[in-house]
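Spelled out, the chains give:
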Amino acid sequence: MLERLLPVASTSAGDIDFVFSLIFWLVGFWLLVAELVFFWLIVRYRRRDGQRAQYITGELKSEKRWITIPHLLVLACDVFIIFFAVRVWYDVKQALPTAPEQQTVRIVAQQWAWTFFHPGPDGQLDTPDDIVKVNELHVEVDKLYHFQLTAKDVLHSFSVPVFRLKQDAIPGRVIVGWFEPTKTGEFDIQCTEICGIGHGLMPARIHIETPEQHASWMAEHGEISVAAVTGR
Amino acid sequence: MAESIPVAPSPARAHDHEHPAEPGFIRKYLLSTDHKVIGLQYMFTGMAMALLGGFLAYVFRMQLAFPGIDVPLFGVVSPNEYNSLITNHGAIMIFWVAMPVLIAAFGNYLIPLMIGADDMAFPRLNRLSYQLFLVSALVLLASFFVEGGAFGGAWTMYPPLSASSEFNQTPLGTTLFICAVALEFVAFLMGGINFVTTTMNSRAPGMRMYDIPMVVWMIVLASILFMASVGPLVAGAVMLLFDHTLGTAFFDPQRGGDPILWQHLFWFFGHPEVYVVLLPAVGIVAEIITVFARKKLFAYKTVLYTAFGTGVLSFTVWAHHQFIAGIDPRMANVFTITTLLISVPIAEMMFVYIATLYGGSIQLATPMLWALAFIAEFLIGGVTGIFLGASGSDIYLHDTYFVLAHFHYTFFPIAIIGSFAAISYWYPKMFGRMLNETLGKIHFWGTVIPFNTIFIPLFVLGAAGEHRRIWDFAQFPELASEPLRNLDKVATVSLVIMLAFQAVFLFNFFWSLRRGQKAGKNPWHANTLEWTTESPPPHGNWKQMPTVYRGPYEYSVPGRDADFWPQNEPA
Chain G
88 MLERLLPVAS TSAGDIDFVF SLIFWLVGFW LLVAELVFFW LIVRYRRRDG QRAQYITGEL
148 KSEKRWITIP HLLVLACDVF IIFFAVRVWY DVKQALPTAP EQQTVRIVAQ QWAWTFFHPG
208 PDGQLDTPDD IVKVNELHVE VDKLYHFQLT AKDVLHSFSV PVFRLKQDAI PGRVIVGWFE
268 PTKTGEFDIQ CTEICGIGHG LMPARIHIET PEQHASWMAE HGEISVAAVT GR
Chain L
539 MAESIPVAPS PARAHDHEHP AEPGFIRKYL LSTDHKVIGL QYMFTGMAMA LLGGFLAYVF
599 RMQLAFPGID VPLFGVVSPN EYNSLITNHG AIMIFWVAMP VLIAAFGNYL IPLMIGADDM
659 AFPRLNRLSY QLFLVSALVL LASFFVEGGA FGGAWTMYPP LSASSEFNQT PLGTTLFICA
719 VALEFVAFLM GGINFVTTTM NSRAPGMRMY DIPMVVWMIV LASILFMASV GPLVAGAVML
779 LFDHTLGTAF FDPQRGGDPI LWQHLFWFFG HPEVYVVLLP AVGIVAEIIT VFARKKLFAY
839 KTVLYTAFGT GVLSFTVWAH HQFIAGIDPR MANVFTITTL LISVPIAEMM FVYIATLYGG
899 SIQLATPMLW ALAFIAEFLI GGVTGIFLGA SGSDIYLHDT YFVLAHFHYT FFPIAIIGSF
959 AAISYWYPKM FGRMLNETLG KIHFWGTVIP FNTIFIPLFV LGAAGEHRRI WDFAQFPELA
1019 SEPLRNLDKV ATVSLVIMLA FQAVFLFNFF WSLRRGQKAG KNPWHANTLE WTTESPPPHG
1079 NWKQMPTVYR GPYEYSVPGR DADFWPQNEP A
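Residue numbers (this note's numbering), protein chains in the order written: chain G, 88 to 319; chain L, 539 to 1109.
One or more hints might be untrue.
[Said to hold, decoys possible] Computed list of chain G residues with no C-beta within reach of chain L, every gap over 12 Å:
{"hint": "1", "residue": "P187"}
{"hint": "2", "residue": "D209"}
{"hint": "3", "residue": "G210"}
{"hint": "4", "residue": "H225"}
[As the list claims (entries may be wrong)] Derived pair list, reagent style EDC-like, types lysine to aspartate or glutamate, alpha-carbon separation capped at 20 Å:
{"hint": "5", "chain 1": "L", "residue 1": "K1056", "chain 2": "L", "residue 2": "E1072"}
{"hint": "6", "chain 1": "G", "residue 1": "K239", "chain 2": "L", "residue 2": "D796"}
{"hint": "7", "chain 1": "L", "residue 1": "K839", "chain 2": "G", "residue 2": "E146"}
{"hint": "8", "chain 1": "G", "residue 1": "K239", "chain 2": "L", "residue 2": "D790"}
{"hint": "9", "chain 1": "L", "residue 1": "K1059", "chain 2": "L", "residue 2": "E1092"}
{"hint": "10", "chain 1": "G", "residue 1": "K230", "chain 2": "G", "residue 2": "D209"}
{"hint": "11", "chain 1": "L", "residue 1": "K1059", "chain 2": "L", "residue 2": "E975"}
{"hint": "12", "chain 1": "G", "residue 1": "K151", "chain 2": "L", "residue 2": "E1092"}
{"hint": "13", "chain 1": "L", "residue 1": "K839", "chain 2": "G", "residue 2": "E150"}
{"hint": "14", "chain 1": "G", "residue 1": "K270", "chain 2": "G", "residue 2": "E296"}
{"hint": "15", "chain 1": "G", "residue 1": "K239", "chain 2": "L", "residue 2": "E704"}
{"hint": "16", "chain 1": "G", "residue 1": "K270", "chain 2": "G", "residue 2": "E90"}
{"hint": "17", "chain 1": "L", "residue 1": "K1059", "chain 2": "L", "residue 2": "E1107"}
{"hint": "18", "chain 1": "L", "residue 1": "K566", "chain 2": "L", "residue 2": "E1072"}
{"hint": "19", "chain 1": "G", "residue 1": "K230", "chain 2": "G", "residue 2": "E188"}
{"hint": "20", "chain 1": "G", "residue 1": "K239", "chain 2": "G", "residue 2": "E223"}
{"hint": "21", "chain 1": "G", "residue 1": "K220", "chain 2": "G", "residue 2": "E296"}
{"hint": "22", "chain 1": "L", "residue 1": "K839", "chain 2": "L", "residue 2": "E1092"}
What the hints contain is simulated information worked out from the structure, not anything from laboratory work.
We treat Cβ as the ideally placed atom computed from N, Cα and C, and that holds for glycine.
So that you can see chain G by itself, here it is in the shape it has in the complex (with noise of 0.2 Å):
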């Protein structure tokens, strides 16, 4: 159902769509029997003129059937439910598939603004050839990517919607996790934890790039920062 409201940008967005659609019918059909039987009953029983309620304790066994069933198809819905969101919840959360350490890019969110360190040339984050970009991350589609979240001042959250990937950044803590780029194009990145004033004032972009795209930015940009870093 998201795919029509976004698009589906990263290997486990489909995953997460998924256990959201499998909530919406399961939960919305039982939602709507729950919600027709009360205007029913409303409607049938209301007020006659010479007609009086009947005396219904609800403690016989036989009147407590009506609502044991339905409290064990919830329970039914829920173990359901819990299984697939828990297996999602692994694949993206719990799990790390490894990733070449030129597939790493660092992310640091501060008031109020993100830094993305990309490896240069040389694969390796931490070496004079990085290529950090504020606001700008540059992925190549179809490679899996480790990311290490960290934030300098307050909580902040890195959101990328068209992932469907969310994780909070904490000051003094380096989170890693992971994602696959799907789709190239340039789509959100997302500050999703309230950071102080400007919490609304720090958009940045994901550019998701073929192959060619992404050699021919890196070579542009891992020159121009090995020539500031050595001043040639």
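With chain G held as given, fit chain L onto it using these hints.
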């Protein structure tokens, strides 16, 4: 008090001797220890705060729908002001509206009247509770007028933002905000002690545990939940205050503290808090649907035990607010399970209420409309919570407008619909006159229809990725699209309509005080004890204290002419 025995209030305690002359205004209204006066004080304070909370919502919704507009009655909204508005809207609606109205106002007003007592167990503690609550409200209001403005770090007050004025830039506003919240907790602790003690010790002779009206049970359970959960947060609030004012480092990661600790303390209270306000509303609905369907409550004991179960479970679900906050990801699995399981007792309560309607003789008077609207709307609020309790989908939906729409679909039925249900039902008892039915119905539809058209668009916006607490979405190309902006406009216009309809309620409320039809003792033909005394009840509540012979929901008992059977009527 050595001779005080459970279930035996002394009927001879004659209050008239204590007050020989008619007390003056100050003694009667400001220093009163009468539970009814204190209840009404809480109610009026809560209503005033609700108007303020609604006004704040109007201002920031206008900014969202029409960014940069000069909002009538306010002016242009800066990002700083926007944060203060949303923060205080949330805090006010929960701590200064839902709690004082649902628990304190109706708890104070109804508990002694429904269990047949002449007053609360500790009347002076009760008065102190209200006075402290009033101080807390004034402290909060003061924070709007200090240098730097009111706190804007969200009602959840996550550090480090809330722990240092270097980050939040509201040095005094933050201090006052934390103090106000802590004072409010202390006020409610006192109220809670009173509710529990009174219900356990001061019941009328003959009122057994299973004869206690459901709303009283629910307020007592809510008080217990509150008292059991608030302790860690009071401690946390003091730590946060020290961090902010003295420079300690409980929550400062740079100096060995942990900001996530606050989130645990906050939500360990914050989630039971949802049930603290839910249970009284559920109790109110039980009273109203039985009276207006002329039906016995379906499976009284089941309702009670599911409420117990909900209460216990509610202590085990808090970290679903923190799935993506950086907690151990394995923990999310545990909290997903407990969170989805809590849907079972809550759903069961709703099923019980729906089952109660079966075979009834339903009269759609205004209080009944509110009570039925509670069930219909709360069901939507409940099921949309499943999307968020399920860790897999919460990764995406966390901190979007989907969350916001979900909890407004729970809190609005609880705090607003529940309060209107209670006010329209007990107004005749409180003031001796009936509210106008036509105006009541206009107000009902004028509130409930716009409520849905505010929050259904917000579900869609949240599903489309719109995130919370953002001053202007123009910065985000994907969210700035025309259809999404139009949904925000629909929500804002609906809010303005809904707020406008509250004028009908206020007019009805004050007009009926003088012009409403005389109510008499028992206008709804209800069973519970509060309807056996005068409207409004005198000081001391009854001239002759009642004795109880049966449960509260004996409606339409076969073989009787009348379709109700008051609890105090001998068989």
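Taking the hints in turn, this is what the structure says about them:
no.: 1; hint: P187; result: holds (23 Å)
no.: 2; hint: D209; result: holds (30 Å)
no.: 3; hint: G210; result: holds (28 Å)
no.: 4; hint: H225; result: holds (17 Å)
no.: 5; hint: L/K1056 x L/E1072; result: holds (11 Å)
no.: 6; hint: G/K239 x L/D796; result: holds (14 Å)
no.: 7; hint: L/K839 x G/E146; result: holds (8 Å)
no.: 8; hint: G/K239 x L/D790; result: holds (12 Å)
no.: 9; hint: L/K1059 x L/E1092; result: holds (18 Å)
no.: 10; hint: G/K230 x G/D209; result: holds (17 Å)
no.: 11; hint: L/K1059 x L/E975; result: holds (18 Å)
no.: 12; hint: G/K151 x L/E1092; result: holds (18 Å)
no.: 13; hint: L/K839 x G/E150; result: holds (14 Å)
no.: 14; hint: G/K270 x G/E296; result: holds (8 Å)
no.: 15; hint: G/K239 x L/E704; result: holds (13 Å)
no.: 16; hint: G/K270 x G/E90; result: holds (13 Å)
no.: 17; hint: L/K1059 x L/E1107; result: holds (15 Å)
no.: 18; hint: L/K566 x L/E1072; result: holds (19 Å)
no.: 19; hint: G/K230 x G/E188; result: holds (12 Å)
no.: 20; hint: G/K239 x G/E223; result: holds (18 Å)
no.: 21; hint: G/K220 x G/E296; result: holds (16 Å)
no.: 22; hint: L/K839 x L/E1092; result: holds (15 Å)
Of the numbered hints given earlier, the model fails none.
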